[in-house]
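A.B. asks: Start from the sequences and build out the full structure, keeping to the hints where you can.
Which chain is which? The protein sequence lines are Z and S, in order.
The first sequence begins at 3 in my numbering and counts up one residue at a time.
The second sequence begins at 127 in my numbering and counts up one residue at a time.
None of these hints come from the bench; they were simulated from the model.
Keep in mind the model is a prediction, meaning the values are calculated, not measured.
Be aware that a few hints might be false.
Which residues of chain S face chain Z? A few of them, derived with a C-beta cut under 7 Å, are [what the hints assert, rightly or not]: (1) Tyr158; (2) Gly169; (3) Leu170; (4) Leu172; (5) Lys175; (6) Gly220; (7) Thr226.
From the three backbone atoms N, C-alpha and C, an ideal C-beta is built for every residue, glycine too.
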Amino acid sequence: DAGVIQSPRHEVTEMGQEVTLRCKPISGHNSLFWYRQTMMRGLELLIYFNNNVPIDDSGMPEDRFSAKMPNASFSTLKIQPSEPRDSAVYFCASRDSAYYEQYFGPGTRLTVT
Amino acid sequence: AQSVTQPDIHITVSEGASLELRCNYSYGATPYLFWYVQSPGQGLQLLLKYFSGDTLVQGIKGFEAEFKRSQSSFNLRKPSVHWSDAAEYFCAVGAYPSGTYKYIFGTGTRLKVLA
Chain Z
3 DAGVIQSPRH
13 EVTEMGQEVT
23 LRCKPISGHN
33 SLFWYRQTMM
43 RGLELLIYFN
53 NNVPIDDSGM
63 PEDRFSAKMP
73 NASFSTLKIQ
83 PSEPRDSAVY
93 FCASRDSAYY
103 EQYFGPGTRL
113 TVT
Chain S
127 AQSVTQPDIH
137 ITVSEGASLE
147 LRCNYSYGAT
157 PYLFWYVQSP
167 GQGLQLLLKY
177 FSGDTLVQGI
187 KGFEAEFKRS
197 QSSFNLRKPS
207 VHWSDAAEYF
217 CAVGAYPSGT
227 YKYIFGTGTR
237 LKVLA
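C.D. replies: This is the structure we're talking about:
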């Protein structure tokens, strides 16, 4: 299996622009997680989908952030408008709900100038 | 509240030396425990996991970890460190803090290996 796929790997954008991060989970996995990693706050869970339905979005920082999972093989995390404090590495992870471990993608490094 | 503590932010060892990274957790039930490694610019890779049974678990890359319920610990060990082990290591607990299963991560331990 190719593992969790994320795109783009790097994104540099200007403040105020819309940013869309993409994730393809491992085939057969029915849970998907979006995390943000920063030096100051470490790894934070933003949102969690199960069977394409958002289960817990309590970690989404504010209304500028939104996430969708239109089907079992694709999810997006959108930031609109972006701000410099959104600069971080964003990870997607997936899990087969019959098991307890999560598998992480390589991440998207976002820089907002 | 559930929490995971990795007391050592940085650890430096010489190549060939043994390694132990500490992880303590706070959770009311039997936890699901994980160790991940993150190399620079990479995602998190699962090293090993513990759910039940034998409290000493073997993982990839020659790592092992021991679950000690009495100490609420799940320390990661390697008998002989290689330069390629330099990375950040995260301990995680799989739990149900608000009714849904999710990970609680420690803050990570950054390992430096001296040649």
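A.B. asks: Determine for every hint whether it applies to the structure shown.
C.D. replies: Hint-by-hint comparison with the structure:
no. : hint   : in the structure
1   : Tyr158 : holds, 5 Å
2   : Gly169 : holds, 4 Å
3   : Leu170 : holds, 4 Å
4   : Leu172 : holds, 6 Å
5   : Lys175 : holds, 5 Å
6   : Gly220 : holds, 5 Å
7   : Thr226 : holds, 5 Å
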